[in-house]
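J.: Residue strings, one per chain:
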Amino acid sequence: MDWSILQQYGPGLLSGFGTTILCWLLGTVFGMALGLVLALAQRYGARWLNRVIQVYVEIIRGTPFLVQLFVLYYGGPLVGLRLDALPAGLLGLTVYGSPYFAEIFRSGFRAVPHGQIEAARAIGMTEASIVRRILLPLGLVSSLPALVNFSIILTKETVILSIITVPELMYQVQRMSTETFRYLEANLVLALFFWALVEAISNAGRWLEARITKHLVERT
Amino acid sequence: MFSISVFLESFGPLFWAARYTLLISVLGIGLGLVIGTLICAARLSPYVWLRRFAMLWVSFLRGVPLLVQLLVFYYTLPVIGLDVPAMVAAVVTVGICASAYISEIWRGAIAALPKGQAEAAIAIGMTPQDVWIRVILPQAFNLSLPALINELILLVKASSLVSVVGILEITRASQAQAATTFRPLEVYIAAACIYLLINLCLAVLGRYLEHRTAI
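Line by line, the protein sequences are chains A and B.
With my numbering applied, the first sequence covers 504 to 723.
With my numbering applied, the second sequence covers 262 to 476.
Isolated chain A, as found in the complex:
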């Protein structure tokens, strides 16, 4: 094992790791936000809006992430959407994640007992405060496991961004391996790294779930 490789490529790998985490965090947060908006719009919006959202959900869920990225990054400039690789990747992750998150929120909202909402209406709460104080808190808790699950899937999707040259970890590793001809070792280490990352995130997710649903367990 030649450790000088690490000295040479260490900074690149580190910045790649940072970009991977950044893409994952921002992609998850933005995707969740857009998904939440979509789910609320589906619940409270007009019928035509509901249809439009359904078509959007079908299209995004029915096509590969890679092809979506190609449309956005290589096709975008033809309609005046010129983005650098990183913003294009973030936008792509957001768009890709949003319908999955929307579906998760939608079923989370459906799990809120109807009696709770009726009771809130009966005591004269406005629709807006019902959403804020009943629907969101209860719905979010029941969608938590699925949310954690999908954000783990998004971690793995970030490597696809390397294909449109976002300088994340996979991109840096590929660059390193083409310069050193150490393809197998580099990719093997990358695989082990992702394995550890996914295990760590799913453990953190389980801990978070247990913590947030603690009050439910104690009272029953």
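Mixed in with the good hints there might be a few duds.
[As the list claims (entries may be wrong)] Example chain A residues on the side facing chain B (calculated, C-beta under 8 Å, incomplete):
#1 566
#2 574
#3 663
Because the hints were derived from the structure by calculation, they are not lab data.
Even glycine gets a Cβ: it sits at the ideal position worked out from N, Cα and C.
Place chain B on chain A using the hints.
T.: Just chain B, lined up with the frame of chain A:
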């Protein structure tokens, strides 16, 4: 601006390439079913080492992005002296990756069967082998059909990644097409349409099977 004629013309070569997408996905899920069943059997076996191995297998394959798996597998082959066509490597990787998910689907379906089924089968004197082959597995298969179709849809989408190792499926073909026409927007949207078409057909099939197997 968006050129309808370029858009329509790209469908020809892309439909041709769609055969490879379908081939990789279908062979991948076939191989995944075989390996996944073995892994599931190992997971449910009484031997602790087999169970540990199956758990490690599932956790590793579900924790590592498919793109990384593809490259690892692709670069491992020459090292261990196997010179197989890229297509074989792609199918095997996709199949191995699918096996982890399929074994979990199996496990879920088997766990979802009422305990009484196996107990009743034992009570009327069936051997353990008969219990599995004639009672548990057929019912578990029916239960898991919608999930397996879902997995096939995921594989159709995941197969776009094998374009990276140079297999001329839809995504790779659309890259070539975009390079020759200089109209990436139309070509990639056409590619997206074909994927959407395949997946909508599969989704309809899945809904039909779900409806049919619901008792």
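J.: Could you tell me which of the hints above the structure violates, numbers in ascending order?
T.: Hint check: nothing fails, all pass.
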